[in-house]
Amino acid sequence: MRATLVAAVFLLLTGAASDDQPWMLCSVRTTSAHPNSPARTYVEPIAIVLRRSRNAVEFTKPPSPSPGKDYYRTGEKFSVMRGGLSSGTVTILPADNNTCQPIERLAQRSGKPTPRWRSADAVAGTSVDVRRRVSPLRAPSAGENRELLAVVRQLFAIKAVPAAVLDQIKSENVAATDLDGDARIDFIGTFVVRDSRNTHTLFVVVMRDRSGALRADVIRYDRSLNTRDDSGAKNWTLVDVEDFDGDGIDEIIVENHGWEWGSYDILRMKRETDWEVVYSGGGSGC
1200 MRATLVAAVF
1210 LLLTGAASDD
1220 QPWMLCSVRT
1230 TSAHPNSPAR
1240 TYVEPIAIVL
1250 RRSRNAVEFT
1260 KPPSPSPGKD
1270 YYRTGEKFSV
1280 MRGGLSSGTV
1290 TILPADNNTC
1300 QPIERLAQRS
1310 GKPTPRWRSA
1320 DAVAGTSVDV
1330 RRRVSPLRAP
1340 SAGENRELLA
1350 VVRQLFAIKA
1360 VPAAVLDQIK
1370 SENVAATDLD
1380 GDARIDFIGT
1390 FVVRDSRNTH
1400 TLFVVVMRDR
1410 SGALRADVIR
1420 YDRSLNTRDD
1430 SGAKNWTLVD
1440 VEDFDGDGID
1450 EIIVENHGWE
1460 WGSYDILRMK
1470 RETDWEVVYS
1480 GGGSGC
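Position 41 of the sequence shown, counting from 1, maps to 1240 under my numbering, and the rest follow consecutively.
Be a bit skeptical, because a hint or two may be false.
Stated by the list, open to error - Beta-carbon label-pair distances, calculated as ranges:
id: 1; residue 1: D1381; residue 2: P1262; range: 35 to 41 Å
id: 2; residue 1: L1365; residue 2: R1239; range: 33 to 39 Å
id: 3; residue 1: N1235; residue 2: P1335; range: 33 to 39 Å
No lab work stands behind these hints, which were simulated from the structure alone. Built from N, CA and C at the ideal position, the CB exists for glycine as well.
Put together the whole structure using the sequences plus the hints.
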């Protein structure tokens, strides 16, 4: 009796139930429709997620598919999440001759993709275990965007980007939300500017402190020679924000873009406005 009681108390305190199983976290990406090609949705693996205790999860790399097998079953339905909220489903479609399979797979998506979003914009899984977030994931308001760009201009200036081009900064996948539950709105996103020689790219997390001032953590800065297109430039873009471990502070999922390859990173906050990469892996190279 005493042993049973002790075991029950342990499970209550840790939140680690015997039926906790690792699950595959996938990204969801929907391409834009064009006159000669319809919109298409793809899913690909990010990580295996395993709950270790009530407020602790572990991310590990997905295993390599076995010969003749892949990560998906035709007709299998995944729940789609974005910003802690349900965002429809994806249903796996039959395999075709795409050389990226069995890692990346076409799917039928219910629910609308995020407008004007580059690459993956949500996460999915057969059983997505995330904490429901209070703060929505949204685009910054006009006033917030002006305030944010003022910070970004200062960051580019520190990187010796010529002042003459700082009015030409472009943004990708920028979101406003409360990342740490302090009731203050924070910002995450990618910013790009070109001078006569180089393309400069910043991925930043900008958080508001108790005084109301914005404080930035430059997670990644990339500089590359200008090319005819952007395919050769390395950079990160935001995929989604979720609270996987349930501690009230979000993890940030980003897509890592490169020349003919792609992968994912997951960021966790060490201390106020100080973020670190806790996982790198997944993707398909497609």
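Outcome of the hint check:
no.	hint	in the structure
1	D1381 - P1262: 35 to 41 Å	38 Å, holds
2	L1365 - R1239: 33 to 39 Å	36 Å, holds
3	N1235 - P1335: 33 to 39 Å	36 Å, holds
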